[in-house]
Amino acid sequence: MSALLAARGLAKSFGAVVAAADLDLEVEAGEIHALIGPNGAGKTTVLGLLSGELRPDRGRVFLSGREVTHAPVHERVRLGLGRTFQLSCVLPSFSVLENVAIAVQAREGSSFRFWKPASPDPRLEEPAFALLERLGIDALADRPAAMLAHGERRLLELAMALASRPKVLLLDEPLAGVGSKEAQRLVEILARLRAEVGVLLVEHDMDAVFRLADRITVLVNGRAIASGPPSVVRADPLVRAAYLGDDSER
Amino acid sequence: MEPTLLVVQFLNGIQLGTLLFLVASGLTLVFGILDVINLAHGVVYMVGAYAAASTFVRSGSLALAIAIAPVAALLVGLLLDRLVLRFLYDRNHLDQVLATFGVILFVDEAVRAIFGPAALPYPLPPAFEWSLELPGGATYPAWRLVIIVSGLVLAAILFGILHRTRAGMVVRAAATDPGMLAMLGVDIRRLFLVVLGAGSALAGFAGALAGPIVAVQPGMGDSVLILSFVVIVTGGLGSVQGALLGSFLVGLADTLGRSFLTDLLRLLLPPAAANEVGPALASMAIYLVMAIVLLIRPQGLVSLRRAAR
Amino acid sequence: MRAATRAPVSVRKLEGGSVAPLVFVALALAVLGADLWAGPYYVKLLTRAMIVALAALALDLLVGLAGLVSLGHAAFVGIGAYAVGILAEHGITSGWIQWPVALVASAAAAAVIGALSLRTRGVHFIMITLAFAQMLYFAANSLSRYGGDDGLTIWNRSDFGGIVSLADRRTFAWLCFVLLLSVYVALARLSASRFGRVLRGAKDNERRMAALGFAVTRFRLVAFVISGTVAGLAGVLLANLTEFVAPAYMSWHRSGELLAMVVLGGMGSLYGAILGAFAFVLLEELLSRFTTHWALLFGPFLVLVVLVGRGGIAGLLARLGRIR
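Chains as they are written, first to last, in this note's numbering: chain A, 1 to 250; chain B, 1001 to 1309; chain C, 2001 to 2324.
Hints in this document: simulated from the structure, not taken from any laboratory.
Everything numeric in this text was worked out from a predicted model, so none of it was measured.
Check before you lean on any hint, since a few could be wrong.
Below, in silico cross-link-like pairs of lysine-lysine (BS3-like), each with a Cα-Cα straight-line distance of 30 Å or less [unchecked claim]:
no.: 1; chain 1: A; residue 1: Lys181; chain 2: A; residue 2: Lys167
no.: 2; chain 1: A; residue 1: Lys116; chain 2: C; residue 2: Lys2203
no.: 3; chain 1: A; residue 1: Lys167; chain 2: C; residue 2: Lys2203
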């Protein structure tokens, strides 16, 4: 099993709603794997199952070949899994720089230090600042995260996810609600990310998905109805049916 | 450990549980609907007891005393909402705790200033100064039976309202998901006032019932309030069923612990040690029950929402 | 490098800055002045205020920094005090034994109570800390061998073999001062440290912190134990000051008052907790001269502080500083 992240036979239902049914999924090194599907298809649930926020009813999850089905969130993070959230999720009362610095601190694994100030501490702030520069938000370093515009917050979130130097990154609709100029920049950044991290991308912006993805899996009612390179998926009749509005779809 | 004693202590546990339920059910619903933690609920219980005691001593009429208590408690409950609680709906729990703690300090002291620090006389009504003969030779005081029966009747009525009527359904739904109901056009604020009023009246009634068997004195609401918290946490926040379950669990753990734990320990320890440890452990029994429930089910026995959000 | 030279916003906000040194200078002058001119009664009053401030400081670490509202912190004060009292009752008066035992006992109690309480969040946490404190209160009440609900008189203060004599009220007052200052400095450092940053982050957004790889509960438990231990230290001092210990030390009213001090002083600033404690103790002293029913005034005052006094005394000072 060479995949960075692999799910085998993943299943999860909430009452009568099936969010994942016998799902196989993997993310290889150096690829962007897009997970698309209509609203309610179970994409966010799948991310939750992979990141450890939700427990699957059945099935197993592997990270770099190691089984993590029962590992809690923070342990998976330590093993190289990063994620961003659908609704931006940052530490609002922290400054932008502090948000990234604490992510660096998480990676360093040296948080039971009670005496030395966490700021200024070049071992935390230099890598954090470098990440801000890379994502082009270094000018905002001192601003409280609560005061960021939506697109800026998305970038900050990405910086935080990258600060933990993940091997695999789960991105939950990184482009949602972002203006077209910033979306453009995000797409460029994501395209360059491919070299260092495997990405599982959930996104509604189909232009971006077809520009970025090396592989696309289409999820409908918790089932993968198609999976393959963008050109193949685009031509798939089942996918077309699902996106043209199948009545059984909620 | 004779079986008759066991029966008597079992009844005592049920009796304590009934009183706790009358207080805890209001507290849990008030929390469920507006996410308000109201420490002043114990004060309302005390008001009920004081209203009943002073009415009874002055008029000699038990019926009047019992009728006035819930009314007084309801008025005080709504007054507190007007003066303090309504400013706290959107505040965090810390603010709610502190402000209602301030209310407790004030009301307890006011009662002390008006009625004095000593317990108010609230003798057992002569009509109830007899004991029921239980099969097996034990006797049980009639008044405690009155508490059990009237408490259980009220609990049944409460469940009837909550589960059989439209209004009750709305209340239950509100305790589960207030946001959703607001979207459906229910006036949450009015609903809250109704529940707060009803909860206050129940607590005041409980105070009137408990008066003759406990000391009617300033601060009497505190211990009941804290026991109600244990009940709610054990039973599951926001759930009236949970409150019922938790009440009986706490009531029984307390009375049975106090009467039998020392005897049980004598089987394991030398008598002197058992006599030392027994009472201490008995006074901790209900909290140990709570700790065990928390270890197994952090969200409480009956959970509407997840405790960890 | 640019990034390394600036102090980010939230740290600046939390530091005592120029206020904290002033607080301690004023406090030292007050102790000195009380000793020189006002007499033993006032020295003792100030000593008590410093001890209470230590307990409030402990609670502010939890409430202000970590966002964990404990409504049972008097329990740890009580454990510290009872450890001293019980050891003294058995003839062990050496402070070298009493104090470590007391601190370890409060730390252990905090570890157990914390581990159970931290399984829950928010309002559950408030109720459960209250319930456990109440459990210890009743347990102390049933310790008939150690005075039960009447409490226990301590015939001798902790004995440090001539190095410091707690029997001397002046020495005792300055010891409390030094301990309060040391704990303040240590907790202020902690608050700005990596550990403190994790606590603040978890208060801000627990889910995000978990997603970053922090086992949040572990950090909170350590904070809970530190806080419980400091409260235990306050209990040790209180038992020595009053030469007495009783279940009332653990009553939930004391816990509520500690919380009131923290909010009155201004949460999260640490020195605010000290100011809040002094304000409370002095207010109680002042009001109870006019009336035995001083709670009639303090209750509504507390309601007002919550409803309109955002940021407490520390917030007020910060606003005054900004105007200037």
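Does the alpha-carbon distance linking Lys181/A and Lys167/A stay inside the 30 Å limit? holds, 28 Å
Would you mind confirming whether the straight-line C-alpha gap from Lys116/A to Lys2203/C stays at or under 30 Å? With Cα atoms ~21 Å apart, Lys116/A and Lys2203/C stay inside 30 Å; holds.
Given hint Lys2203/C paired with Lys167/A - CA-CA distance at most 30 Å: holds, 28 Å
Checked against the numbered hints above, the structure violates none of them.
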